[in-house]
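S.K.: Given next are the chains, with one letter for each unit.
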Amino acid sequence: MSQNTDVILDVEKVTKTFGGLVAVNDVSMQIRRGEIFAVIGPNGAGKTTFFNLITGIYKPDRGSIRFDGEDITGKDPAWIAARGMARTFQNIRLFGAMTALENVMVARHVHTKTSYADALLHTPRYHREEKKALERSMELLEYMQLGHRAQELAKNLPYGEQRRLEIARALALEPRLLLLDEPAAGMNPQETEELQEQIVKVRDDLGITIVLIEHDMKLVMSISERIAVLDYGKKLLEGTPKEVQNDPRVIEAYLGRGAVEGAQ
Amino acid sequence: MKNLARNQLLLSLAIALVAVASGFWLLSDPRGTLPFLLTLASLLGAFLLPISKWLKVLIGGAILLIVVPAAGFQNSFLFELGVQIGIYAAMALGLNVVVGLAGLLDLGYAAFFAVGAYTWAIFGSKQANEFMPVKIFPLPGEYFYLFMLLAVVAAAITGLIIGLPALRLKGDYLAIVTLGLGEVVRVLANNLDQPINITNGPQGITPIQRPPVDWFIAIFNQFGIQLDKAQAYPLFFYFLVLGIIGIVTLVNIRLDHSRFGRAWIAIREDEIAARAMGIPLLPTKLLAFATGASFSGAMGALFAAKQLYVSPESFTLIQSIIILVMVILGGMGSIPGAILGAATVTILNVDVLKTASEYLEGLRSSGFTINLGFFKYNFANLPTQLEPAKYERMVFGLIMVLMMIYRPEGIIPEKRRVLEMRESE
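Residue numbers (this note's numbering), protein chains in the order written: chain C, 1 to 264; chain S, 1 to 425.
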């Protein structure tokens with residue numbers, strides 16, 4: 001293990017069941033500040049449920065989650081987001097009827113200090129804050145190469161751009177931790193490559209810690225510093241890409257029992 | 001480019017011509033339904049067509065501030081209609097915030113109208129003497145304006161009280177609960193004559209004080225126009241409603257263009273994503289609910305003063321549904337849509353259907369006969385039950401069904417505006 005003890009997200013023995021199904025079973029994970037961390041595993045392994053637990057959409061049955069030293073177990077998603085945790089969704093969840101720019105501006109909500117009265121009376125503060133929100137949102141759109149799409153409705157953007165817009169929107173929260181749920185899903189190889197560079201850039205430029213769920217193993221292995229593998233809700237192992245790649249349990253989890261013996 | 005400019009000029013000329021012609025027609029025939037509708041159509045045309053802003057303001061101002069009041073002197077029904085449209089338009093704008101922007105289906109909206117109406121009705125009449133320790137009621141009419149603000153506050157608080165339990169539910173469940181809680185308010189108004197008589201129960205409260213209009217009459221006297229009180233009140237309420245519509249529209253636009261408006265739309269579009277972007281669900285929904293309620297409360301106070309009479313009858317479920325119909329008809333989330341929806345439904349309701357009824361009645365009593373050779377019909381045989389005014393709800397239902405099939409987004413759909421980067425400011 002590395003000596004770096006600066007942990008930004010500390011998940012401890014978290015369990016979540018739905019009826020009889022144990023979706024996440026006693027999972028612990030420590031994400032270090034500034035790293036790119038990947039969570040992989042076969043379909044139905046509980047990866048998205050794990051994200052939903054961290055971001056507060058589900059409340060864990062057992063276990064605790066600490067974000068930057070603060071206990072966030074069972075807190076409201078909006079409260080957690082305002083504290084600096086942003087995410088994207090596996091099945092894109094943009095605000096379809098709003099423009100790309102407005103989508104990003106929505107996430108400026110907690111950083112815009114306009115009161116209700118300011119908004120009604122158009123006080124100088126309203127104008128100042130609105131301008132700030134607009135400029136920062138535009139900046140982020142440019143950053144994700146979506147500047148030219150600012151005034152288009154989110155639902156009219158092509159698929160790949162929608163995925164990038166979700167990241168731009170998440171960045172507008174000015175997060176310290178960014179959770180990406182299958183950011184490359186449905187992208188062609190070229191788009192995936194661009195996305196890969198973009199993710200590394202986000203971490204390097206903005207110093208944001210990134211946790212991603214991804215099925216594209218090429219992307220996962222080339223950008224993540226550490227990887228955790230989930231299977232049937234349990235954490236199978238955790239390690240560097242090399243360690244994970246060579247572990248027979250991972251191959252077994254993906255291809256089924258007996259696959260390892262069969263391959264040998 | 002040149003062509004475009006010429007087209008715009010032609011368009012401007014055409015709409016101005018129609019507006020002037022319909023205006024004069026209305027002035028010469030103030031009782032006619034057709035000239036009235038044509039005047040309103042030119043108003044709508046001026047608003048919707050791509051013509052210069054100044055021309056829009058000129059046509060709108062001339063029709064609303066000169067033609068309609070002048071015609072209204074000869075036919076005060078026009079004021080009645082105008083005020084009714086205005087009251088409904090303000091309420092539709094309020095409900096538009098709740099249903100259109102925030103996407104919360106509220107079927108108990110008339111409850112807030114009731115709260116506003118009773119706020120002024122109780123203290124602007126002798127009713128408050130029944131339970132207040134000091135017997136100084138009715139309060140003089142000057143207090144009306146203060147009570148209009150109080151009605152806003154009272155309705156907003158009622159919105160919070162109803163919203164706090166109801167807004168934990170979504171969609172259909174929310175609709176049913178708001179329907180129930182809305183009815184609770186009406187039933188309370190109906191039964192709070194015991195043990196302490198607060199609302200005077202089903203008899204309702206009358207007479208209710210009106211704001212004084214002496215200053216209003218004095219202004220007109222300055223211009224050499226003599227008014228008596230009976231003429232002044234309809235005109236006064238007409239202008240008051242116009243002013244309130246202006247304020248309400250401005251409030252609506254400003255909220256829509258703020259972080260609150262964006263948060264409401266975000267919640268409407270996707271609750272989970274909105275929460276993940278830091279928007280707290282319940283407070284944001286409550287804000288929408290209270291905002292919508294306050295518009296309704298203000299109009300309630302005005303309604304009480306205009307009618308001189310309130311009773312629980314005026315705040316039934318059908319009222320809530322009619323306002324919802326206006327919002328859906330106009331286009332959910334659209335500000336001009338809400339106003340147009342309110343105008344369309346009100347005119348249909350109190351003018352067009354009534355006129356159609358009277359027309360059929362005329363044909364019946366004169367015994368008019370259609371003779372097409374193969375088809376002969378004497379209108380004297382027309383059953384007396386056939387009266388369009390009685391089919392109000394059927395006509396609404398039909399309109400809604402047709403809208404849902406052919407134009408589900410409403411007459412003037414919500415348009416997301418173009419945000420511009422302001423470089424130099």
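FYI, nobody ran anything at the bench for these hints, they're computed from the structure.
Given the structure is predicted, the values throughout are model-derived calculations rather than measurements.
Hints are supplied without guarantee of correctness; some may be wrong.
[To be verified] Listed next, the in silico DSSO-like pairs over lysine-lysine satisfying Cα-Cα at most 30 Å (straight line): (1) Lys415/S to Lys132/C; (2) Lys132/C to Lys75/C; (3) Lys170/S to Lys113/C; (4) Lys415/S to Lys155/C; (5) Lys170/S to Lys155/C; (6) Lys155/C to Lys131/C.
[Unchecked claim] Examples of chain C residues toward chain S, derived with CB under 7 Å: (7) Ile72; (8) Phe95; (9) Thr112; (10) Ala119; (11) Leu120.
By construction, the Cβ of each residue, glycine as well, lies at the ideal position given by its N, Cα and C atoms.
S.K.: Decide, hint by hint, whether the structure agrees.
M.R.: Taking the hints in turn, this is what the structure says about them:
For the hint pairing lysine 415/S with lysine 132/C, the CA-to-CA distance comes to about 24 Å; that is within 30 Å, so the pair holds. Under the criterion of a C-alpha separation no larger than 30 Å, the hint pairing lysine 132/C with lysine 75/C is consistent with the structure, at around 29 Å. For the suggested pair lysine 170/S and lysine 113/C, the alpha carbons sit about 29 Å apart, so the restraint of at most 30 Å is met. Taken as a hint, the lysine 415/S and lysine 155/C pair is honoured in the structure, with Cα atoms around 14 Å apart against an allowance of 30 Å.
Of the pairs offered as hints, the one joining lysine 170/S and lysine 155/C holds, with about 24 Å between alpha carbons and a cut-off of 30 Å not exceeded. For the proposed pair lysine 155/C and lysine 131/C, the alpha carbon gap of about 25 Å is at most 30 Å, so the pair holds. Here the hint on isoleucine 72/C is broken, as its CB sits about 13 Å from the closest CB of chain S, past 7 Å. Look at phenylalanine 95/C: its Cβ gets to within about 4 Å of chain S, closer than 7 Å, so that hint holds up.
A least Cβ separation of about 5 Å between threonine 112/C and chain S falls short of the 7 Å threshold, and the interface hint therefore holds. The closest approach between the C-beta of alanine 119/C and any C-beta of chain S is roughly 4 Å, which is under the 7 Å cut-off, so the hint is satisfied. This hint holds: leucine 120/C has a C-beta 6 Å from the nearest C-beta of chain S, less than the 7 Å allowed.
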